[in-house]
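Let chain A serve as the given structure and place chain B on it in line with the hints.
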Amino acid sequence: MKLAADRVLGLCLIGLAAFVAVQAVRLHVPFSYDPVGPKAFPLILAILLAALSLVLVLKPGSNGHWPDRSLAVKLLAVLAALLVYALLFTRLGFVVTTLLAAVALARIFAAPWGKALLTGVLMAVGSYYLFTAGLGISLPSGEWLRPFI
Amino acid sequence: MFDFLIQGFGVALSPLNLGLAFLGALLGTLFGALPGIGPINGIAILMPLAYTLGLPAESALILLAGIYTGAEYGGRMSSILLNVPGDAGAVMTTLDGHPLAKQGLAGPALGLSAVSSFVGATLAILGLTLFAPLLAEVAVMFGPAEFFALMVFAFASMSVMMGKDPTKTAIGAVLGVLIGTVGVDSGTGVLRYTFGMPELYDGIDFVVMIIGLFAISEILLMLEHANRKDADGDIPPLGRVFVTLKEVLYCKGAMLRSGLIGFIIGVLPGTGASVAGAVSYTTEKRLSDKEGTFGSGDMRGLAAPESANNAAAAGSFVPMLTLGIPGSGTTAVLLGALMLYNITPGPMMFSERPEVAGGLIASLYIGNLVLLALNLPLAGVFARVLTIPRWVLVPGIAILAFVGVYQLHSDLTAIYLMLIIGVFGYLLRKLGFSLAPVILGYVLGGLMEQNLRRALSISGGEVEILWRSGISLGLWIAAAALLVLPWLLPKMMKARLGRA
Numbered sequence: 001m002k003l004a005a006d007r008v009l010g011l012c013l014i015g016l017a018a019f020v021a022v023q024a025v026r027l028h029v030p031f032s033y034d035p036v037g038p039k040a041f042p043l044i045l046a047i048l049l050a051a052l053s054l055v056l057v058l059k060p061g062s063n064g065h066w067p068d069r070s071l072a073v074k075l076l077a078v079l080a081a082l083l084v085y086a087l088l089f090t091r092l093g094f095v096v097t098t099l100l101a102a103v104a105l106a107r108i109f110a111a112p113w114g115k116a117l118l119t120g121v122l123m124a125v126g127s128y129y130l131f132t133a134g135l136g137i138s139l140p141s142g143e144w145l146r147p148f149i
Numbered sequence: 001m002f003d004f005l006i007q008g009f010g011v012a013l014s015p016l017n018l019g020l021a022f023l024g025a026l027l028g029t030l031f032g033a034l035p036g037i038g039p040i041n042g043i044a045i046l047m048p049l050a051y052t053l054g055l056p057a058e059s060a061l062i063l064l065a066g067i068y069t070g071a072e073y074g075g076r077m078s079s080i081l082l083n084v085p086g087d088a089g090a091v092m093t094t095l096d097g098h099p100l101a102k103q104g105l106a107g108p109a110l111g112l113s114a115v116s117s118f119v120g121a122t123l124a125i126l127g128l129t130l131f132a133p134l135l136a137e138v139a140v141m142f143g144p145a146e147f148f149a150l151m152v153f154a155f156a157s158m159s160v161m162m163g164k165d166p167t168k169t170a171i172g173a174v175l176g177v178l179i180g181t182v183g184v185d186s187g188t189g190v191l192r193y194t195f196g197m198p199e200l201y202d203g204i205d206f207v208v209m210i211i212g213l214f215a216i217s218e219i220l221l222m223l224e225h226a227n228r229k230d231a232d233g234d235i236p237p238l239g240r241v242f243v244t245l246k247e248v249l250y251c252k253g254a255m256l257r258s259g260l261i262g263f264i265i266g267v268l269p270g271t272g273a274s275v276a277g278a279v280s281y282t283t284e285k286r287l288s289d290k291e292g293t294f295g296s297g298d299m300r301g302l303a304a305p306e307s308a309n310n311a312a313a314a315g316s317f318v319p320m321l322t323l324g325i326p327g328s329g330t331t332a333v334l335l336g337a338l339m340l341y342n343i344t345p346g347p348m349m350f351s352e353r354p355e356v357a358g359g360l361i362a363s364l365y366i367g368n369l370v371l372l373a374l375n376l377p378l379a380g381v382f383a384r385v386l387t388i389p390r391w392v393l394v395p396g397i398a399i400l401a402f403v404g405v406y407q408l409h410s411d412l413t414a415i416y417l418m419l420i421i422g423v424f425g426y427l428l429r430k431l432g433f434s435l436a437p438v439i440l441g442y443v444l445g446g447l448m449e450q451n452l453r454r455a456l457s458i459s460g461g462e463v464e465i466l467w468r469s470g471i472s473l474g475l476w477i478a479a480a481a482l483l484v485l486p487w488l489l490p491k492m493m494k495a496r497l498g499r500a
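Chains as they are written, first to last, in our numbering: chain A, 1 to 149; chain B, 1 to 500.
Extracted from the complex, chain A is given alone in its bound form (with noise of 0.2 Å):
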């Protein structure tokens, strides 16, 4: 057998099919109203999900187009943006994380030094005065800024 993509995925699908089910049957209810229960419905998917996934591992289809080496590491690259954006976001504030995940995705995707430095100045700015003062949503605002403003 020829390792394709949909082999690997429909076997991880099996995988967790057999892990819901697993979970489902260990479900301890206490007590329930109707006959049915809350265990039923997960098992009778995982039964599906692991048919339907052994079709794919059987007939997979088309290993389509995986990205190569330099998309492989500006895809972390965008990942990992996001992620410092996300633990960053409350403890510096939205104006100053923002600012730095615009310039770094901006840079990723290939804009110049310049360009990307505008296009995250405006953006966290004029984001921040758009859903602080229009829309009336509270962002993180960065309390420990406040003595060097």
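Just so you know, the hints here were simulated from the structure itself, not pulled from any lab data. There's no promise every hint is true.
Claimed, not checked - Where chain B lies over chain A, by a calculated footprint (3+ residues, C-beta under 8 Å):
id, region
1, 6-19
2, 30-41
3, 47-55
4, 108-116
What the hints assert, rightly or not - Over the 10 Å line for every Cβ pair with chain B, so calculated as not near, a few chain A residues:
id, residue
5, Arg69
6, Leu83
7, Thr90
8, Gly93
9, Val96
10, Tyr129
11, Ala133
12, Gly142
In this text, a Cβ means the ideal position worked out from N, Cα and C, and glycines have one as well.
The following block gives chain B in isolation, referenced to the frame of chain A:
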């Protein structure tokens, strides 16, 4: 009988709702025109804002529906000008639209597609006004067993019609339903698949799910095109801006037929604009392509899919408003948005919440007029949107996604969850899944389980109740036929050919 519509126009013509219909149409056209942001993404990004602004349910729905129909208009821009479909519904538009643009007729092509969109949508909205209340009257008789059978039918029809690979469509739907089971089980209070995380007790939030699945995965997917500089090509000159009456009349048959086809396909649960575009194009080609001009810039080949995909968009509101079963991925998102307001669309909506049902339908009439008025003269302006570089677009989407999710509970866990779902969505798309079944499964799964359990508690656990009534039996048979026929028909044809 049309009281709901009169009341609806009363709602839709209030200054706030009129403004929102206009805003929705404008934003929708922009979102549809932007590469990579289709109707679902547009709605996903703006839904949290509509919710935070404290808009009443009918106003939020009017805004979001405006975005939906507007995006179907906007999707044609890049199809015609760049040969890149803006969303799935506009794939067929490229076939004759882009050749027209290359012949220097980009302006008339855009104008014609606006007019065909208007004709198709108007037909379908009229159909919606006529059929939805009738269907609602039938659907009132539906019990839990019938609803369960209906959802099975919806998933079956979706598996066959949506996407290239029925197995993957079905897997996507099952995964969506599974994601929907996370959280407290409403029947017993038992926690399912929460892994001890209190943040998951209420289940995976709808907004987190939509934004992660569509917006974040879209950012990751756009990366593949980031460096394809100018691969999209330059925007051809628009030429003369207006389409002539003669050209419109030349296509009237194509528009009307395709509008009807689009409406019917839109009404079928699980099939949306992309199927409608494809079916109408092939039908029109068979009927009127006498000289073999389709595919090389025939106006009728442009009018057909444009009329059909807008008709399908409006038609997909029929099952959503009357049965609570969305007709497309986008209406599934709208259904979820209504559920945020504790409104479960279904047969009772026309009698219990006529302001929501009627207001929405009335706003579709208004939005459609607004769209035609916006799109005919402003095509050139909207075309400029296509030149926005991705390095502006991507940070913008990221900011809207983060703010949209953060403002739900002022909580970072939701943002992490959104990122995880985004990666999951990206992987699914790379593996050839379409995301609409996932979202349909996620939205319908909970209702499906509730109806199954309610039906079986009525019968005291006897499974027979699920197919005892004529309606439910019919739906089961229809579902089975849908699943078996595509597999059986070719074999039967082959057998007959072999004998002859």
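Status of each hint after checking the structure:
Given as covered by chain B, the region 6-19 of chain A passes the check, having 3 residues with a CB less than 8 Å from a CB of that chain where 3 are the minimum. For a cut-off of 8 Å, the count of residues in the region 30-41 of chain A with a CB near a CB of chain B stands at 10, and the three-residue condition holds. For a cut-off of 8 Å, the count of residues in the region 47-55 of chain A with a CB near a CB of chain B stands at 5, and the three-residue condition holds. Against chain B, the region 108-116 of chain A contributes 6 residues with a C-beta closer than 8 Å to a partner C-beta. That satisfies the three-residue criterion, and the hint holds.
At roughly 13 Å from the closest C-beta of chain B, the C-beta of Arg69 of chain A stays outside 10 Å, upholding its exclusion from the interface. Some Cβ of chain B comes within 10 Å of the Cβ of Leu83 of chain A; the nearest lies about 7 Å off, and the non-interface call is violated. Consistency note on Thr90 of chain A: stated as away from chain B, yet its beta-carbon is not over 10 Å from all of that chain's, at 6 Å minimum. Consistency note on Gly93 of chain A: stated as away from chain B, and its beta-carbon is indeed over 10 Å from all of that chain's, at 12 Å minimum.
Residue placement check: Val96 of chain A keeps its beta carbon more than 10 Å from all beta carbons of chain B (closest about 13 Å). At roughly 13 Å from the closest C-beta of chain B, the C-beta of Tyr129 of chain A stays outside 10 Å, upholding its exclusion from the interface. Ala133 of chain A, annotated as away from the interface, keeps every beta carbon of chain B farther than 10 Å; the closest lies near 14 Å. No Cβ of chain B comes within 10 Å of the Cβ of Gly142 of chain A; the nearest lies about 14 Å off, and the non-interface call holds.
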